[in-house]
Amino acid sequence: MEKGENHFLSRQLKEDLENLERYTKEFSVFLPLAVCTVNPTGIIVDVNQAAKRLTGHDETKLIGLEIELIFTEQQLAKEFFRRVLKSKSVENQEMILVARGGKKIPVNVSASIRKDDQDNIIGCFWAIFDITEIKKFQESLEKKVKERTKEAEEEKNKTRAVLISLVNGLIVFDKDKKITLVNPEAEKILGLKEKEVLYKRIDQISGLANLEKLYQALGRKVEWTGQKYELVLDEPLKRFFQVSIAPVVFENKTAGLMIILYDITREREIDRMKTEFVSIAAHQLRTPLSAIKWILRMLLDGDIGQLSQEQAEFLEKGYRSNERMISLINDLLNVARIEEGRFLYSLTYQSLEEIIEKVIEGLSGLVKEKKLKLVFNKPKKTLPKVKVDKEKIELVIQNLLDNAIGFNNSGGQVTISVKCDKMKLEVMVQDTGVGIPRSQRKRIFAKFFRADNAIKLETEGTGLGLFICKNIIEAHGGKIWFESQEGQGTTFWFTLPTAQ
Amino acid sequence: MLNPKDFNDILKIKGQVRGVVFQTDAKYVLGKKGEAGLKKLESAIKKIDPSISYGQEIQATGWYPLGWRVLSLLVIQDVFNWGTKEVLEMGSAAPKYSFIVKSLLRYFVSLEKTFTESAKYWQEHYSIGALEASDIDVEGKRLVLWLKDFKVHPILCDYFRGYFKTIALLTVRTKKMTIKETKCVFKGGPYHEFVIEWE
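Just so you know, the protein sequences line up as chains A and B, in that order.
Following our numbering from start to finish, the first sequence increments by one per residue and tops out at 500.
Following our numbering from start to finish, the second sequence increments by one per residue and tops out at 199.
No lab work stands behind these hints, which were simulated from the structure alone.
There may be inaccurate statements among the hints.
What the hints assert, rightly or not - What follows is a list of derived Cβ distance ranges for each label pair: (1) 139/B / 146/A: 57 to 63 Å; (2) 25/A / 132/B: 56 to 62 Å; (3) 188/B / 32/A: 22 to 28 Å; (4) 63/B / 32/A: 23 to 29 Å; (5) 190/B / 90/A: 49 to 55 Å; (6) 15/A / 51/B: 37 to 43 Å; (7) 188/B / 104/A: 50 to 56 Å.
Positions of the beta carbon are idealized from the N, C-alpha and C atoms, including for glycine.
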């Protein structure tokens with residue numbers, strides 16, 4: 001090699017080395033990650049700017065130091081170093097770095113071995129990442145989770161306290177229909193202890209009579225139907241409960257169900273006493289009213305002597321008022337019997353056609369007086385006889401026709417028709433009257449209910465007729481319903497089963 | 001106190017040194033005395049020879065008069081009133097600042113390799129003298145270094161004691177290491193002999 005060539009190479013080498021130094025220096029300053037170059041004996045032989053910043057020490061302190069000495073757990077650091085030397089991939093370890101002034105910094109160390117061109121291990125790089133912020137975040141997250149858990153627990157306890165103190169019996173189920181809570185009132189009602197049934201499905205529990213009765217009352221299923229059920233318990237005292245099932249909703253999702261047992265024994269008792277009172281009062285009133293009726297009848301018939309025109313008119317008014325009173329008393333007695341469960345039926349096979357005709361006959365005077373047209377559309381075929389309580393069905397037809405006439409307009413029409421299929425007879429009573437206001441239709445079968453327009457018409461009525469009709473038809477296994485158009489008329493239908 | 005009369009003799013010392021030594025001096029002073037200390041040093045040295053500098057114009061791999069190197073150490077010692085101990089510490093810190101040393105140590109991982117290569121390594125830094133590892137006894141935990149043909153200035157004996165010890169410390173794991181200059185050309189020895197021992 002010529003001297004000039006040698007000189008050139010030396011210059012080139014010098015330039016390369018200077019460039020490399022500059023590059024390394026720039027890279028060291030730029031790199032935000034602390035890096036230590038460690039030789040195979042575990043001694044730090046170089047550090048970058050970030051390592052100096054992180055540790056708070058300069059090269060003089062760090063270079064020449066055994067790497068484990070910059071960590072709190074030196075044994076762990078030594079083991080990690082050994083692991084790195086054996087590993088072919090990058091190894092990671094969380095450690096605590098001891099910086100200047102004893103400041104402890106949580107770090108994550110990633111290290112990998114370095115080899116020369118002959119595959120000899122010449123040390124390793126330790127990249128040290130400050131995870132203080134991550135740890136702080138992790139700690140704050142853990143703290144938040146703890147706080148939230150505590151809050152949720154407190155909320156749960158509060159909710160439980162509220163549920164426990166409820167005066168109604170309450171059983172809460174999770175989404176798998178396992179019991180998660182039985183409040184003390186429900187324990188008392190059902191004669192059980194929460195711990196006996198907790199985390200069990202109701203169908204998995206046996207030997208608890210009242211719970212079995214509840215399950216029976218619900219139709220042997222725990223489902224939210226929006227329906228209300230009735231539970232009657234005999235032990236230790238006869239008690240009545242209204243049972244409802246409601247969903248437990250959490251963040252717009254159904255998390256379970258709850259059964260609410262509302263004690264209606266007191267209401268039932270009041271109703272019973274009221275019915276008893278009405279029954280006694282009505283009975284006591286009917287006897288003198290009957291006497292008045294017959295006395296007035298005798299007077300009007302001239303059995304006591306001839307009456308003047310004026311006297312007869314006064315007595316006629318008195319007679320009609322007495323009749324209305326008797327009708328009201330009869331209605332009240334019927335209602336009392338229905339509520340007492342004493343509305344007994346003497347069922348016999350009857351021709352519905354004959355019953356209707358008889359009722360129509362009795363109403364002919366009233367129809368004429370109101371200038372109405374009453375049409376009975378008889379079926380072409382002979383109707384089969386139905387097993388009914390004749391007196392009660394008469395009462396139903398009477399009530400429906402009374403309404404159709406009473407709420408009709410003068411010159412209007414009342415139509416009654418009957419049709420039949422294999423299962424049932426269907427009776428329709430249609431009028432061209434005032435109709436039922438839309439807002440009041442839901443209450444039409446309620447006791448003592450009279451629609452606003454009916455009151456305005458000053459028609460007679462107790463508001464008990466349709467309540468009685470509904471009870472009679474349903475007691476026969478039939479159905480009753482209606483359609484109405486305000487100002488145009490109303491149509492009532494009822495059915496009676498034929499196959500009995 | 002430095003005697004200005006000696007300056008000319010020092011500046012006449014034959015041989016050259018890599019610019020990296022001035023950079024390591026500057027870094028050390030900066031670390032110990034801060035910016036003000038470094039400015040004080042620069043001002044003091046410029047008074048002796050305006051061409052001596054610690055700034056950007058000095059290149060790490062460039063060759064500069066060996067006399068400058070001696071002068072730099074003497075001026076530092078004088079300006080900061082440092083003694084032998086501080087010069088030894090400067091020597092100890094120098095390999096840690098030196099890019100060339102760190103580059104070599106990344107590859108010369110063992111004591112044997114490092115000091116076997118010491119002759120080449122010496123030549124990378126100084127144009128005169130020769131460094132030789134006359135005895136490398138890893139099991140006996142002893143290392144003997146000879147620095148031949150290098151009669152420059154006694155201050156460098158202290159400086160090299162720190163310097164060689166650090167190089168050894170970067171390759172050997174030990175709690176205790178000592179270095180002694182057992183022969184010195186300024187004390188009638190044929191060369192400088194440094195004996196390093198560790199536990």
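Status of each hint after checking the structure:
no.	hint	verdict
1	139/B / 146/A: 57 to 63 Å	58 Å, holds
2	25/A / 132/B: 56 to 62 Å	32 Å, violated
3	188/B / 32/A: 22 to 28 Å	55 Å, violated
4	63/B / 32/A: 23 to 29 Å	36 Å, violated
5	190/B / 90/A: 49 to 55 Å	52 Å, holds
6	15/A / 51/B: 37 to 43 Å	23 Å, violated
7	188/B / 104/A: 50 to 56 Å	54 Å, holds
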